[in-house]
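A.B. asks: Chains as they are written, first to last, in the numbering used here: chain A, 1 to 339; chain B, 1001 to 1287; chain C, 2001 to 2549.
Calculated from the structure, these hints are not laboratory results.
Nothing here was measured: the structure is a model prediction, and the numbers come from that model.
Each residue gets a CB set at the ideal place from its N, CA and C atoms; glycine is no exception.
Some hints here could point you the wrong way.
Said to hold, decoys possible - If you want a taste of the chain B side facing chain C, the calculated C-beta under 8 Å gives, among others:
id, residue
1, PRO1181
2, MET1182
3, GLU1184
4, ALA1185
5, ARG1187
6, VAL1188
7, LEU1189
8, GLY1190
9, HIS1191
10, SER1192
11, HIS1200
12, PRO1203
13, ASN1204
As the list claims (entries may be wrong) - Straight-line Cα separation of at most 25 Å, SDA-like style, residue types lysine to any residue; simulated pairs:
id, chain 1, residue 1, chain 2, residue 2
14, A, LYS118, A, ALA107
15, A, LYS118, A, LEU106
16, C, LYS2355, C, PRO2291
17, C, LYS2129, C, GLY2032
18, A, LYS118, A, GLY104
19, C, LYS2129, A, GLY250
20, A, LYS118, A, GLN102
21, C, LYS2355, C, ASP2505
22, C, LYS2355, B, PRO1193
23, A, LYS118, B, GLY1148
24, A, LYS118, B, PRO1149
25, C, LYS2355, C, ARG2370
26, A, LYS118, B, ALA1147
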Amino acid sequence: MADTALLGSSGGGFPRPGGTAVVPRAGRWRGAGFWLVRRIGSAVFVLWAVATLIFLAIRLIPGDPAEAIMGGPGSQASAAALEAARAEYGLDEPLWVQYLSQLGRLATGDLGTSYALKVPVVQLLADQLPGTLGLAVGAWVLAWILALGLALWSGLGGRGAAVVGSALEIAAASVPHFWLGSVLVLLFSTAWGWLPPVSNGSAAGLVMPVVTLALPLAGFLGQVMRESMLTAMNSPFALSAHARGESESGVVLRHALRHAALPGVALSGWALGSLVSGAVVVESIFARPGLGRSLLQAVTLRDVPLVTGVALVSALAYVVVMAVSELAERAIDPRTRDR
Amino acid sequence: MGNASTRRAGTLRRRPRAGWLRAGNVLPAVAALTALFLVLAALVPGWLAPADPLAIDPVAAFRGPSGAHWLGTDESGRDIYSRIVHGARPSLLIGAAATALGLGLALLLGLAAGLGGRWLDAGVGRIVEVLLALPGLLLALVFIALAGPGVATTIVAVGLSTAPGYARIIRTQVRALRTSPMIEAARVLGHSPARILARHLLPNALGPVLVLATLGIGQAVVWASALSFLGLGEAPPAPEWGAMLAAGRTYLGFAWWMTFFPGLAIVATAASSTVLGRSLQRRAVGA
Amino acid sequence: MSAAPLLRVDGLDVGFGGTPVVQDVSLYIGRGECLALVGESGSGKSVTARALLGLAGRGSRVAVRTLDFDGTNLSGAGQRAWRRLRGSRIGLVLQDALVSLDPLRTVGREIDDALRLHTALSPAERAAKVAGLLESMGLAAADAGRRAGELSGGMRQRALIAAAMALDPDLLIADEPTTALDAEAQAQVLDLLAGLRAGGSSLLLISHDLAVVSAVADRVAIMRGGRILEQGPTDQVLTSPEHEYTRMLLRAVPAGRPRGTRLSAPTGRSDARPHAPDAKLLDSSPSIGGPVLEARNLVRAFPVPGGGILHAADDVSLRVEAGRTLGLVGASGSGKSTTARILLGLDVPASGTVKLFGEPWVPLPEASRRPRRTRLGAIYQDPLSSFDPRRRVGAILADALAAATTGGAPEGAHDPAGLLQLVGLEPALAGRHPSTLSGGQRQRVAIARALAPGPRVLICDEPVSALDVSVQAQILDLLDDLQARLGLGYLFISHDLAVVRHVSDRLAVMRDGRIVESGPTEQVFAEPRHEYTRALLAASPTLATDTSD
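Here chain A stands alone, though its shape is the one from the complex (with noise of 0.2 Å):
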């Protein structure tokens, strides 16, 4: 949040050339494939990197991955057990065959076993996919009309409604994920009893989980797009758009409003983020199956594969949003293209 606020632009001394060049409109398309290119390569590397890195993780820490196959550190299993365990999941053979070994089936999409439910990983994904999906995509819709709405109405509103928005913001900014869905469950659930306390699957059922994961990612999404907001309506050009006769409100949604949207979609990357993190958390206080609480069981039965394809899933989700919100920022604003 604090990552577009701090960069200060430096005015003055010695100019650089190119500063404000005029960008000539041939070579565009030369540009989108060597782009293109660039942003495949990238992911590549990003998810080869996390393998890597998780891999290399498993095997610096102590510990028997063995024994967590065989259901975890407190299991009493043989000798002879943890042998076999180790045969069948190819843990005998020196280090770097094992790497290679895991790399090549990484690349053909095969992310192994799960240790403890025994069951190939990429199926488990598949199955917990959809839900986590669904619930990261209605969060993110629902922060963004919310942090919209607070920047307009923080816009048009005049100093109190700056002060309250901006209040709102930090509030919402500040609440934990699990605090505020056992606050909503008290509320809706035990106390007026509207909306189930667990996620059953049915729309009624995914009300507060969608909620809960909204509001702290709409509290850091409204905080920038305010203050964004609010420079472009005082703006040079925002007087001029006055002087040509539009009302208050015609500046702010013809030119305010897409100003505000810039930072929530530079900030994309981190949103996701922060919608992965806080799937977690909403997962298991909803009882609500998906990548999350599928993610908190491996890490408590320290399931290495299943954890290593989660991460891997998430890798992969920032890498394809990154590069959406890169397109989306070119499309909105042409300053960003010869970055």
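Start from chain A and add chains B and C according to the hints.
C.D. replies: Relative to chain A, chains B and C alone:
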């Protein structure tokens, strides 16, 4: 010429003059008071809450907020207010330690990338990108999956997961400073690189780090308590906010105060650190 | 001028939070007439202009006895009535189109706004009108699909005017419409404004530039401190001003003022008394006119994003002499600043050399250059950004004095207080933070800092471009005094022909990275050889007034 334009444009619309109703005044004052209370609670919990946070009184279990127990009691009859006050120390310590670790790591990476050559910058940039691809809690969970739960793990996990974001900000800051007119002016004067680094670049780069630390400590407290809540941090009998909240959830139906108040403490911590951090930031920019 | 003026204002007051910014302003504009509102920053001229559109801003308190536009009383008009007028009958053009046009919207949509708001035309008709407007402003119809950032400075300023003129308003208010532009682009925009007036529109021109005003305006009103000091026909006000402030403003204009004439009042500041050359210092330096900084065949190019190469310096050779000023003039992007960066050893040329006092300077490893850096100083357009924001004035100067190795600071200026006095500032200013100083004070501090190590050459990159005319005059006089006293050689970089002419002994004209012409200043002005120089001279407005003091 650009400067002339921004200077004149600045007078287009004046900011509203100081009034009593201003976010710039009220919120930081409230936040500062909250922070003062939290710090006092962490340093001298006995002053604020004389009762023993671990004292069990089964007869007084599940009492609601009252004169005797301001914020009620838990399933063993322990006073929630005392537990929250005594919980400030572990929560803030974990938060501070995690922030310190995260910022320390980020300083290392950010300064290396900001001050080093193109290859070092690109290399660190890649590392940070990979770490950013593993969002906060996920990175922490992966780490806990490998290292096992516990307080030390929580600190390292939270520190690790906050480092890449900070590193990116510090790197940008240092890069911008390096080519800033201010540093060029110092070069033109003939100052040595060591003097420029020590007297101009680092002090100006580290100012924002202080802001980041203030902003970050609240979030670190939230993260650490989230791990405790998930059963991966501080264990329940200890008065730690996230753990207290998790314990309270079992009795949410009839003892709401067990969940509500520890959470409120977390919200207060996070919100006051955000408000204070932002007003520090604003002061630094407006100076 | 017809009998009933288009706009009549009587007793306009504007205040912000109890502080009056505009007081008792009365003016009128006839049909087809151009009134220029002249003043320096903080004079209230922009607020006045905005109040005439009902846009004085949030938190403002506006009171007016009479505000009459084309027979309609607007003094109590509501927002709805104002919106009907804005854009259709009164247009506004602001200074810098880069920020006055929404950077995220296409120019076409910005121009279309007024049509959409005030007419019942169909989208297709509006698109055709937008294309026509752009063409009438000398732009291509296809430019409608581009955004302000994708156009050059002159192009986007014309697009901004097109947006304001979309519905042929009776009155166009232009607030410093050419201040952000190069001489050539400025001339184009001024032509455009003259054309609009020929079409019958009235013009209220807000400007600080008396040369521009004298070229365009029928009548002039001089503003200061929120009040109009005097107003009258342009010729009368500029040739026989009644008010002392107007005389001071006129005296401060460097256009047409020979090298060596003072621009600011000779009284007031301690630095203003002429100094005898510092004999001791002059002894140790090359004699006046001797070469101190020599650049030969500098070449530097940058890749342009999106392909192509920008030749920022293409075979640049120049020579700065002791006690003399070399002026370097050119449009923005002509390579002036790149040249300055190379001379200062901040950038490395692809080829070419620089010598300082006859010794190699560029290219050279920084370590072997550093001990001699004290001989070469620099001042910048924006001094504030060149100061360490954590330090006060005293600490900034002390830091600079620490850089002095041999030779050292000028006589009597071995400490921050002495340096401040050298540049005509109170020593008490040492305790202030630069951000609390005025623009002129900041530039003086920057000069003091540059002088601290005792340089023999100063590179001045647009040092007065961000300053008001009267402050500019003081800074130019200060630089003159310091040169006379310390025997400094200056490289004076500016886009402003009048300023460069006033300060330079020799002149180099730069375009697209090349020096197209150079020679003694007056000779270049009298007999320009290169066509670009001639174009530049023709494009820059001059103040045709009696220049005798």
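A.B. asks: Would you mind marking each hint as holding or not holding in the structure?
C.D. replies: Against the structure, the hints:
1. Residue-level restraint check for PRO1181 (chain B) holds (minimum Cβ-Cβ distance to chain C is 4 Å; threshold 8 Å).
2. Taking 8 Å as the C-beta cut-off, the interface hint given for MET1182 (chain B) holds, the closest approach to chain C being about 6 Å.
3. Because the smallest distance between the Cβ of GLU1184 (chain B) and any Cβ of chain C comes to about 6 Å, under 8 Å, the interface hint for this residue holds.
4. The interface hint given for ALA1185 (chain B) holds, since its Cβ lies 4 Å from the closest Cβ of chain C, which is under the 8 Å cut-off.
5. Hint on ARG1187 (chain B) holds. Least Cβ distance to chain C is approximately 7 Å, under the 8 Å limit.
6. A least Cβ separation of about 5 Å between VAL1188 (chain B) and chain C falls short of the 8 Å threshold, and the interface hint therefore holds.
7. For LEU1189 (chain B), the shortest C-beta to C-beta distance to chain C is roughly 4 Å, which falls under 8 Å, so the interface hint holds.
8. At a threshold of 8 Å, the smallest CB-CB gap from GLY1190 (chain B) to chain C is about 3 Å, leaving the interface hint in force.
9. Satisfaction of the interface hint for HIS1191 (chain B) is found here, the shortest Cβ-Cβ separation to chain C being roughly 6 Å, below the 8 Å cut-off.
10. Interface hint status for SER1192 (chain B): upheld, as the beta-carbon distance to the closest one in chain C is roughly 7 Å, under 8 Å.
11. Interface hint status for HIS1200 (chain B): upheld, as the beta-carbon distance to the closest one in chain C is roughly 5 Å, under 8 Å.
12. Using the Cβ-Cβ criterion of 8 Å, the hint placing PRO1203 (chain B) at the interface with chain C is satisfied: the shortest such distance is roughly 6 Å.
13. Below 8 Å, beta-carbon pairs count as interface contacts, and ASN1204 (chain B) has one with chain C at about 6 Å; its hint therefore holds.
14. Between the alpha carbons of LYS118 (chain A) and ALA107 (chain A) the distance comes to roughly 21 Å, so the proposed pair stays at or under 25 Å and holds.
15. Distance check on the hinted pair: LYS118 (chain A) and LEU106 (chain A) sit about 18 Å apart at the alpha-carbon level, within 25 Å; holds.
16. Straight-line distance between C-alpha atoms of LYS2355 (chain C) and PRO2291 (chain C) comes to about 10 Å, which keeps the hinted pair within the 25 Å bound.
17. Only pairs whose Cα atoms come within 25 Å are accepted, and LYS2129 (chain C) paired with GLY2032 (chain C) is accepted, the gap being roughly 24 Å.
18. For the proposed pair LYS118 (chain A) and GLY104 (chain A), the alpha carbon gap of about 20 Å is at most 25 Å, so the pair holds.
19. About 22 Å separates the Cα atoms of LYS2129 (chain C) and GLY250 (chain A), which keeps this hinted pair within 25 Å; it holds.
20. The straight-line distance between the Cα atoms of LYS118 (chain A) and GLN102 (chain A) is roughly 17 Å, inside the 25 Å bound, and the hint therefore holds.
21. Restraint check for LYS2355 (chain C) and ASP2505 (chain C): satisfied, since their Cα atoms lie roughly 21 Å apart, inside the 25 Å limit.
22. With a C-alpha separation of about 23 Å, the suggested pair LYS2355 (chain C) and PRO1193 (chain B) falls inside the 25 Å cut-off, and the hint holds.
23. For the given pair, LYS118 (chain A) sits about 22 Å from GLY1148 (chain B) by alpha-carbon distance, which is consistent with the 25 Å threshold.
24. A threshold of 25 Å between alpha carbons decides the hint, and for LYS118 (chain A) with PRO1149 (chain B) the separation of about 24 Å falls inside it, so the pair holds.
25. With a CA separation close to 14 Å, the supplied pair LYS2355 (chain C) and ARG2370 (chain C) stays within the 25 Å bound.
26. Of the pairs offered as hints, the one joining LYS118 (chain A) and ALA1147 (chain B) holds, with about 22 Å between alpha carbons and a cut-off of 25 Å not exceeded.
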